[in-house]
Structures are given as C-alpha cells and as structure tokens.
Amino acid sequence: MHPSPLDQSSAAASGSARAPQDALDAWVREVVAWHFDPASGCPFWLEYAKTAGWDPRREIKRFADLERFGQFEDEWLRGGPVQRWIPKALAGRPVFVFETGGTTGVPKTRVAVEDFRIDYELFSGTLPDQYFPKGSNWLMLGPSGPRRLRLSVEHLAQYRGGICFCVDLDPRWVIKLIKKGWADHLQAYKDHVIDQAVTILQAGHDVRCMFTTPKLLEALALRLESMGTTIRQAGITGIFSGGTEFTPQWNRFAHEELLDGAYMTPTYGNTLMGLAASAPSGPHNNYKITYYAPQPRAVIEVVDFDHPVKLVDYGQTGRVKLTTLTKEFFMPGFLERDEGEREPACDRYPWDGVSGVRPYRGFAATTTVGVY
Amino acid sequence: MLHLPVLRWGQPYTSIDVDQVVHFATGEPIAKVSRANGGLIQRDIRKAQRARDVLREIPIDELIARAGAAGELYMNATLPMGDGTQTPDEFVRAQSATTGLPERMCRANMKKNAFVLAEMRRILASLTRGLAFDVLSSGHGEERGVPISFQAQSPVVGLVLPSNSPGVHTLWLPVIPLQVGLVLKPGPQEPWTPYRMTEAFCQAGVPREAISIYPGEGDVGAAVLDSCGRNLIFGGTATVDRYRGNPRVQAHGPGFSKILLGDDQVDRWEQYLDVMVDSVFLNSGRSCINCSGIWASRHTREIADAMARRLAEVRPLPPDHPDASLAAFTVPGVADSISQAIDADVQAPGVTDVTAKYRDGARVVKQGRADYLLPTVVHCASPDAAIAKKEYMFPFVTIVECPEAKMLDEIGPTLVCSAVTCKPEFRRSLLDAIHIDRLNLGPVPTTQLNWLQPHEGNLIDFLFRARAFQTAEL
Numbered sequence: 001m002h003p004s005p006l007d008q009s010s011a012a013a014s015g016s017a018r019a020p021q022d023a024l025d026a027w028v029r030e031v032v033a034w035h036f037d038p039a040s041g042c043p044f045w046l047e048y049a050k051t052a053g054w055d056p057r058r059e060i061k062r063f064a065d066l067e068r069f070g071q072f073e074d075e076w077l078r079g080g081p082v083q084r085w086i087p088k089a090l091a092g093r094p095v096f097v098f099e100t101g102g103t104t105g106v107p108k109t110r111v112a113v114e115d116f117r118i119d120y121e122l123f124s125g126t127l128p129d130q131y132f133p134k135g136s137n138w139l140m141l142g143p144s145g146p147r148r149l150r151l152s153v154e155h156l157a158q159y160r161g162g163i164c165f166c167v168d169l170d171p172r173w174v175i176k177l178i179k180k181g182w183a184d185h186l187q188a189y190k191d192h193v194i195d196q197a198v199t200i201l202q203a204g205h206d207v208r209c210m211f212t213t214p215k216l217l218e219a220l221a222l223r224l225e226s227m228g229t230t231i232r233q234a235g236i237t238g239i240f241s242g243g244t245e246f247t248p249q250w251n252r253f254a255h256e257e258l259l260d261g262a263y264m265t266p267t268y269g270n271t272l273m274g275l276a277a278s279a280p281s282g283p284h285n286n287y288k289i290t291y292y293a294p295q296p297r298a299v300i301e302v303v304d305f306d307h308p309v310k311l312v313d314y315g316q317t318g319r320v321k322l323t324t325l326t327k328e329f330f331m332p333g334f335l336e337r338d339e340g341e342r343e344p345a346c347d348r349y350p351w352d353g354v355s356g357v358r359p360y361r362g363f364a365a366t367t368t369v370g371v372y
Numbered sequence: 001m002l003h004l005p006v007l008r009w010g011q012p013y014t015s016i017d018v019d020q021v022v023h024f025a026t027g028e029p030i031a032k033v034s035r036a037n038g039g040l041i042q043r044d045i046r047k048a049q050r051a052r053d054v055l056r057e058i059p060i061d062e063l064i065a066r067a068g069a070a071g072e073l074y075m076n077a078t079l080p081m082g083d084g085t086q087t088p089d090e091f092v093r094a095q096s097a098t099t100g101l102p103e104r105m106c107r108a109n110m111k112k113n114a115f116v117l118a119e120m121r122r123i124l125a126s127l128t129r130g131l132a133f134d135v136l137s138s139g140h141g142e143e144r145g146v147p148i149s150f151q152a153q154s155p156v157v158g159l160v161l162p163s164n165s166p167g168v169h170t171l172w173l174p175v176i177p178l179q180v181g182l183v184l185k186p187g188p189q190e191p192w193t194p195y196r197m198t199e200a201f202c203q204a205g206v207p208r209e210a211i212s213i214y215p216g217e218g219d220v221g222a223a224v225l226d227s228c229g230r231n232l233i234f235g236g237t238a239t240v241d242r243y244r245g246n247p248r249v250q251a252h253g254p255g256f257s258k259i260l261l262g263d264d265q266v267d268r269w270e271q272y273l274d275v276m277v278d279s280v281f282l283n284s285g286r287s288c289i290n291c292s293g294i295w296a297s298r299h300t301r302e303i304a305d306a307m308a309r310r311l312a313e314v315r316p317l318p319p320d321h322p323d324a325s326l327a328a329f330t331v332p333g334v335a336d337s338i339s340q341a342i343d344a345d346v347q348a349p350g351v352t353d354v355t356a357k358y359r360d361g362a363r364v365v366k367q368g369r370a371d372y373l374l375p376t377v378v379h380c381a382s383p384d385a386a387i388a389k390k391e392y393m394f395p396f397v398t399i400v401e402c403p404e405a406k407m408l409d410e411i412g413p414t415l416v417c418s419a420v421t422c423k424p425e426f427r428r429s430l431l432d433a434i435h436i437d438r439l440n441l442g443p444v445p446t447t448q449l450n451w452l453q454p455h456e457g458n459l460i461d462f463l464f465r466a467r468a469f470q471t472a473e474l
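Chains as they are written, first to last, in our numbering: chain U, 1 to 372; chain H, 1 to 474.
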C-alpha cells in the first residue's frame, strides 16, 4: 500500500551491521532534500533555511549531521497557522491535524496526510498473526478526539482485514476530574466507558483484537471478572497497549492476573513519533520492556540530561530524544517528556532502543513534600 | 539488606519494582521495599469480605486478648521483618534511621502503641459506650429491653499512613479487635510499624488473611481509598479539604491545636509555662496534637520571650543520644522552604520572630543529608497576621494577642484546645464551640491524651452504623 517507507524499514532490518546506519543516513539525505527544496518543502523549514545561514541540503549528509539544527523547540508546534507545516509537494491533499498534550494551554499539533496509516502498517508487521488474526475485528478502547490514535487503530484493523469498534475516553476531562477531586464523577465516567466496551464485546461481533490503555485494561478485566468471565473468554486474543504506566511490574501483573492467556504487547508512541514496538517481553527477561523506534521514519536516542547532544552509554539513564523523518513531517532533535535507559540493538531491531521509559524527572518532580 | 514484600492478605508478593529506604543522614540503604501497583489492590479487594469473615470466627473478647499479646510481642520479641528479623532495638534504630526521629521518641511511640494494645478492652468499652461486643459481631442484640443493631460499613479499613509520626498508628490498632480487616499503605520512610505490628498480631493468633500491606506511590494510596468502604488518610490541609464530607474517608491533617489563656488566669501565665512548652515541644512538634498557637489578651510578649528562651536551648543531637529531642527533615528542601515561608511572614507589621535574638545563626541547621529546624516562637500583635494560624512540622508556635471575647471567633478549626480559665461563661462558650474537637479545661498539655476518648471522631461511629432492627416470630 505504501511501499517506500516499508521498504526502507525492511532494508534497514536486514543485511550487514552497517546497513541500518547506511539506510538511515540515506533516508536523512532524502528527507532533508525534500523538506528544504523550495518546490516540495513546508513554509516553516524553508523560512528556517533562509535565516539559518547554511543550506541543510548541502551540509546534512548523515543522521549525525542533524545536530546542526540544535534542539527542536516545543513551542514551534504550538499555535498556528498550522499550514506552515504542510509540504508544498502535498498541497491539495486532504490534511489531518493531530494534537498532543493540551491539558492546559495550546496543544502541540502535527499535520498528516498518510503518515499515521504508514506508521500503523509498519507496526502491523510486528504483530503475530496467531494472536492478532487477519480478518478479525478490533476494539479501540481509549482516547480519540484530537489524537491520531483512533484513526490509526481503525486503519490498522482495516489494513489487517477487520473492522474497528471504537469507545472514546477523553483524557483531558479525566485530568480535570482528578484535579477537581470529583472522585464520583471519575468513577462514573470510567464505568460509562467500560459499560460500552463490555456491550460491544458481548454483542457477537467476534472482536479478537484490542487497543487500550493500561488503566482501562485493568478496569475492563476487573469488570469482566466480576461478571464471571475474563478478557480471553470474552474473545480477545491479542492486545496492544502503551503509556508510561506500562512498567515491567504492570506488564507482569497483567499477564499473571488480568489477561487469562491473551497476548499483549507494549508500545511507546505519540502523535509526533509514530509507534515504537517492543522486543519480546515476558518471564524470560523479568518482563523488561525495550522499545525500538520505527527507523528510519523515527529515531529514538537516549541522551545526557545536561548535554542532549551526547548519547549515554548502554544501560545508562538519559532523556529520550526523538527525531521524526518523514516526507510529511521533519522534526530533528525533539526532547521528549520521558527518560529511560539506552539499550543495544536486538535481532529484530538492529538499532538502539530504550527501556524503563518513565516521565522525565525534571517535569515529574513532586511538589507535595513534608506533609503527613 | 532486608526486603519487605507486598503482603496480599498475608501472602508475600515480591514486586519487580523495588524502592530503597535509606538512612536520613548518610543515605545508606536500610531496606528494599516491594512497590505495589494500583491494580493489585483493586483485584485483592474482591476478597476483602474474607478478612472480616475470618476475624468474625474469633470472638471480640478473644481478639482483645490477642491484641494484648500482640502488644507484648511488639514491645519485646524478635519478630520477622520481611525476609529477615528485627529485635525491638533494631526496630527502633531502623525507624529512627529512616524517619529522622530520635531513637528515644521512637521508643516513646512504641510505648504508646503497646499501651493501646494492652488497654484495648477499656478503650473499646469506652468507644462503644459499654455496648456488648457480640452485638458488633452478630450485628444485632438488645439493650435495656430495646432491640439494637450495628452494621459494619466495610469489611476492611484502608489506611494511607504517614512517615513522620509513628504515634498515629494508635488510631488503627482497635480495628482488628473489632473484627474488621486492614489494608495498609505505609508511609514511604516508615514501613516498619505496619510490618512489625502485622507480625505481632499474626504471632498472637490473628489470621494472616485479615491484613494486607501495599507499599507504593500515589497511585497505591488512591487505589486503597478507591477500594475500601472506610478509610483513614493522613495528609496536609489540602488532603483534609479534599476529603471533607466524604463519608468513606476520615482525613487526619494538621491539628492547629491551641492553648487559650482566659483573662482570669493570664496574669499567672508563668505557672503554665511548662504546660505551654511541653505542648509545643514534645515529639519534636510533629503531632497534630502539638500546640501551634497560644492566645491571650495580655502578657503575650512576656510569654513569647519566656518560651523563646526555653526553646532556644534546643539543639540537634545524634539520633541515638539519650537527650535528642529534635527530629530531622528527611526530604531535601522542605526545611529551607518552611524557614523561608516563616521569614516572609515575619516581615508583616506586628509580627516578630522572638527566637531570633536567642539563636546563634540560622533557623535551619544542616547536618549531612539531613536538615533541622530550630524551635521558633513568633509573636503576633493581632490575630490578623497571616502567620497567626499556621502550623509547621517542628516546634513552632505563635503567641497571639487577642481579646478573650474575640478568641473563639478568631482561632479557626482547632483539634485540641486547652483553655485555662475558670470563667463559667467562657467555659460555656468553649464547650459549645463546634470548631474545637478535643477540649481540655484547665492547664492540660495539648499532647496529653486520654486514650479512652475518641480522637477526631469516634472510630466505632465511623466503622459501624446504628440502625433500626426488628424481628418477628416465624
């Protein structure tokens, strides 16, 4: 359906140890050439090149050269006009806009034409057919709204020959309920969401696959248990889920006590990146979760907290730095709100990964101290 | 190093997530503690009724006896602590090392807990106002020829416990003898008492299925509160405000406890100086029952000066020193931020840090990783000063000048009020003041508790509901 990026990834995953790096460098040159070509680039980057005093198309030869852009500013994605991010070569195509954040203030936005579909088609290749049978139906139980998740999961289901049922959860409202201390409303909203999910699972739609968040998975499993059944008995064989709550301990808890044998794989992603899949995780590695970005379309680095141009050593902790490299969106050197440990390549993903992903300590520091 | 597992109805569970509890001064790891996740609790709570069922198989009279035996074990025995054991002395050293409380205060708190366990029969008889205990077990009975019924509102009580004051554990010790199970979330620096007390109960014959312990972070506390029908939580003013009016949660926070000197007694204030100093200073000022405000219509500057001179002698001492009386702040930055807040408040007109002139150096004393705040006495010429009604977790008191006639309108919520007055009309007003919880008439230290009386609400009323009940022959 979208051969170019898929081919890139496949090429990167095979061949010599050097091949992934060569493929990445070649893709960097192609993406930079595209975004800084006055005929195809977007207004934001063309304007950037005018004032930068250097020509990215001439000077960026490999991934490491992207350091010249410095740190990608969070604020560049907040506010409009959003059209400044649309590459000229895509003019006239239907454009989606997706948001991330937005609990308070103006959310970050990313435009997309096909990227979300491509990302999830790539991700589809990581799902075992045994647990995510082709042609089976899906349940998308989680945030829709301005996020790309709903459309992406729905596309994933369709790409695999199924139909996707969707139940929405508005996380911005949930955060407001928590901040207001409206525990009863919070519980009622959670019940409302789970009620809809249970109704769909009991309606004879042969739903076998599911995306959901860890909290909703817990709530669904507990509800089903109280009804005398389980996730697996309700027909679900494969689940993918994600978020910083998806810790090894939670992974183990879910496998041992919630899933009743259903398969679940963790993912790490957001509107800006795409979807990072996990290396196999289970009792054999104490449920450790290591994510690998969908290179070359996105690259995750784990960098020094104080010097974000410097990679930390393998096994050491640093901040997650994201570079997104697609024909629709170029975002070099964005410091995520997460930290983790740098992990070496594995058989399935011959490039660096990140484990132990959790909120970046600089933002996560609690202000509630010294009370009872 | 000791490892403390999650206890799921008595069954140990080792989590992949482990927190280290460290020595407050050196940073040396003292224990590893398995960290629960919220889902564990939500799942386990389905078996909560089992906790009450196994306890109801044992008569309350017998559970009271076992509580007494548990008190002996808690005080004197070497008891299992996670994957190791702890003698009473090791327990005290560990508690002091992670909380910053001097060892002698840890011992004093142990005695409080043991006293409550030893006196359980009298305490329950007082709290139930002489109710026959089997009425609580069976749910109904008869009293003075009238049918009565008391219904447990939850098979278990959830407790989100603090790290700073091991004395608060006295509040939940009567729960097990009342045949109600426990779901404990220990304070991050004080896992010791919940684990030791659980072992003491179990060795004394309380079924292990009656108690769960879930160490962890905020999500664990939230899951406990979410899951249990009745809960006690300890926190700051924000926590108390958040749960105000929630029948499932009894929130314990700052006490804003006070001493009021009536106009008929204030000229004899020197006679009450010891009571005032003890009320402020005992337990290093950490308790909600410590006095944080002394109110009088005159002599306030002399009172503040005398208090400041007495308290200015206090210095941090090593935690194992027999005279150590000042607890350390173990969370970095807290002492500095409290001190800065006080410094900002004393800039207001009519407000004076009276201790400043008796102190050599700053209010904050830094020793290794630990910070200490030296006792602080602030004089307020009027109740309007912002600092007049503040409370901090160290020996801190404001001496507030206020006409007697305005005191009750101005003092605000007060957990313990010791009112030194013989004037009948003032005593009457004090008895009627609904913003005062514990009332002492006379020179009683605010820290002096009568354990036979309720504290911030009667536990029996919180756990059981009195209701109508009738039967007819079939």
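Each hint should be verified, as a subset may be incorrect.
As the list claims (entries may be wrong) - Partial list, derived from the structure: chain H residues whose beta carbon lies under 8 angstroms from chain U: (1) Asn37; (2) Gly39; (3) Gln42; (4) Arg43; (5) Asp360; (6) Lys406.
What the hints assert, rightly or not - Keeping only pairs whose Cα atoms sit at most 35 angstroms apart, straight-line, the calculated DSBU-like set for lysine-lysine is: (7) U:Lys288 <-> H:Lys111; (8) H:Lys390 <-> H:Lys47; (9) U:Lys310 <-> U:Lys88; (10) U:Lys50 <-> U:Lys327; (11) H:Lys47 <-> U:Lys215; (12) U:Lys176 <-> H:Lys389; (13) H:Lys32 <-> U:Lys179; (14) H:Lys32 <-> U:Lys215; (15) U:Lys310 <-> H:Lys32; (16) U:Lys176 <-> H:Lys112; (17) U:Lys176 <-> H:Lys390; (18) H:Lys32 <-> U:Lys288; (19) U:Lys179 <-> H:Lys111; (20) H:Lys406 <-> H:Lys111; (21) H:Lys366 <-> H:Lys389; (22) H:Lys112 <-> H:Lys389; (23) U:Lys180 <-> H:Lys389; (24) H:Lys47 <-> U:Lys179; (25) H:Lys47 <-> U:Lys288; (26) U:Lys179 <-> H:Lys389; (27) H:Lys111 <-> U:Lys180; (28) H:Lys47 <-> U:Lys190.
What the hints assert, rightly or not - Pair ranges (Cβ atoms, derived): (29) H:Asn76 <-> U:Glu256: 35 to 45 angstroms; (30) H:Pro29 <-> U:Cys346: 25 to 35 angstroms; (31) H:Asp360 <-> U:Arg361: 30 to 40 angstroms.
Source of the hints: derived by calculation from the structure; they are not laboratory data.
C-beta: ideal position from N, C-alpha, C; glycine also.
Tested hints:
1. Nearest Cβ of chain U to the Cβ of asparagine 37 of chain H: about 5 angstroms, under the 8 angstroms cut. The hint holds.
2. For glycine 39 of chain H, the suggested interface contact is upheld, since its CB lies about 4 angstroms from the closest CB of chain U, less than 8 angstroms.
3. Given the 8 angstroms rule on beta carbons, the hint for glutamine 42 of chain H holds: about 6 angstroms separates it from the nearest Cβ of chain U.
4. The beta carbon of arginine 43 of chain H comes within 6 angstroms of a beta carbon in chain U, closer than 8 angstroms, and the hint placing it at the interface holds.
5. The closest approach between the C-beta of aspartate 360 of chain H and any C-beta of chain U is roughly 25 angstroms, which is over the 8 angstroms cut-off, so the hint fails.
6. Hint status for lysine 406 of chain H: violated, given a least beta-carbon distance of 30 angstroms to chain U, over 8 angstroms.
7. Straight-line distance between C-alpha atoms of lysine 288 of chain U and lysine 111 of chain H comes to about 45 angstroms, which puts the hinted pair past the 35 angstroms bound.
8. Restraint check for lysine 390 of chain H and lysine 47 of chain H: not satisfied, since their Cα atoms lie roughly 43 angstroms apart, outside the 35 angstroms limit.
9. Restraint check for lysine 310 of chain U and lysine 88 of chain U: the C-alpha separation of about 34 angstroms stays at or below 35 angstroms, so the hint holds.
10. A threshold of 35 angstroms between alpha carbons decides the hint, and for lysine 50 of chain U with lysine 327 of chain U the separation of about 20 angstroms falls inside it, so the pair holds.
11. Of the supplied pair hints, the one linking lysine 47 of chain H and lysine 215 of chain U holds, its CA atoms being roughly 21 angstroms apart against a limit of 35 angstroms.
12. The straight-line distance between the Cα atoms of lysine 176 of chain U and lysine 389 of chain H is roughly 31 angstroms, inside the 35 angstroms bound, and the hint therefore holds.
13. Between lysine 32 of chain H and lysine 179 of chain U the alpha-carbon distance is near 32 angstroms, which keeps this suggested pair within the 35 angstroms criterion.
14. With a C-alpha separation of about 27 angstroms, the suggested pairing of lysine 32 of chain H with lysine 215 of chain U holds against the 35 angstroms cut-off.
15. Proximity of lysine 310 of chain U to lysine 32 of chain H is assessed by CA-CA distance (about 33 angstroms); at most 35 angstroms being required, the pair is judged to hold.
16. A C-alpha spacing of about 42 angstroms is found between lysine 176 of chain U and lysine 112 of chain H, which places the hinted pair above 35 angstroms, so the restraint is violated.
17. Only pairs whose Cα atoms come within 35 angstroms are accepted, and lysine 176 of chain U paired with lysine 390 of chain H is accepted, the gap being roughly 29 angstroms.
18. At roughly 20 angstroms between alpha-carbon atoms, lysine 32 of chain H and lysine 288 of chain U fall within 35 angstroms of each other, so this suggested pair holds.
19. Between lysine 179 of chain U and lysine 111 of chain H, the direct Cα distance comes to roughly 40 angstroms. Violation of the 35 angstroms bound is thereby established for this hinted pair.
20. Distance check on the hinted pair: lysine 406 of chain H and lysine 111 of chain H sit about 40 angstroms apart at the alpha-carbon level, beyond 35 angstroms; violated.
21. The hinted pair formed by lysine 366 of chain H and lysine 389 of chain H meets the criterion: a straight-line CA distance of about 27 angstroms does not exceed 35 angstroms.
22. A threshold of 35 angstroms between alpha carbons decides the hint, and for lysine 112 of chain H with lysine 389 of chain H the separation of about 28 angstroms falls inside it, so the pair holds.
23. With a C-alpha separation of about 26 angstroms, the suggested pairing of lysine 180 of chain U with lysine 389 of chain H holds against the 35 angstroms cut-off.
24. Distance hint between lysine 47 of chain H and lysine 179 of chain U is fulfilled; the C-alpha atoms sit about 30 angstroms from each other, no more than 35 angstroms.
25. Taking the CA atoms of lysine 47 of chain H and lysine 288 of chain U, the gap is about 30 angstroms. The hint holds against a cut of 35 angstroms.
26. Distance restraint check for lysine 179 of chain U and lysine 389 of chain H: the Cα-Cα separation of roughly 26 angstroms lies within the 35 angstroms cut-off, and the hinted pair is therefore satisfied.
27. This hinted pair does not check out: lysine 111 of chain H and lysine 180 of chain U have alpha carbons roughly 41 angstroms apart, beyond 35 angstroms.
28. As the CA atoms of lysine 47 of chain H and lysine 190 of chain U are separated by approximately 22 angstroms, the hinted pair is consistent with the 35 angstroms bound.
29. Distance hint for asparagine 76 of chain H and glutamate 256 of chain U: a CB-CB separation of about 39 angstroms, consistent with the stated range 35 to 45 angstroms.
30. The hinted range of 25 to 35 angstroms is satisfied by proline 29 of chain H and cysteine 346 of chain U, whose Cβ atoms lie roughly 32 angstroms apart.
31. Range check, aspartate 360 of chain H to arginine 361 of chain U: about 37 angstroms between beta-carbon atoms, so the 30 to 40 angstroms window is met.
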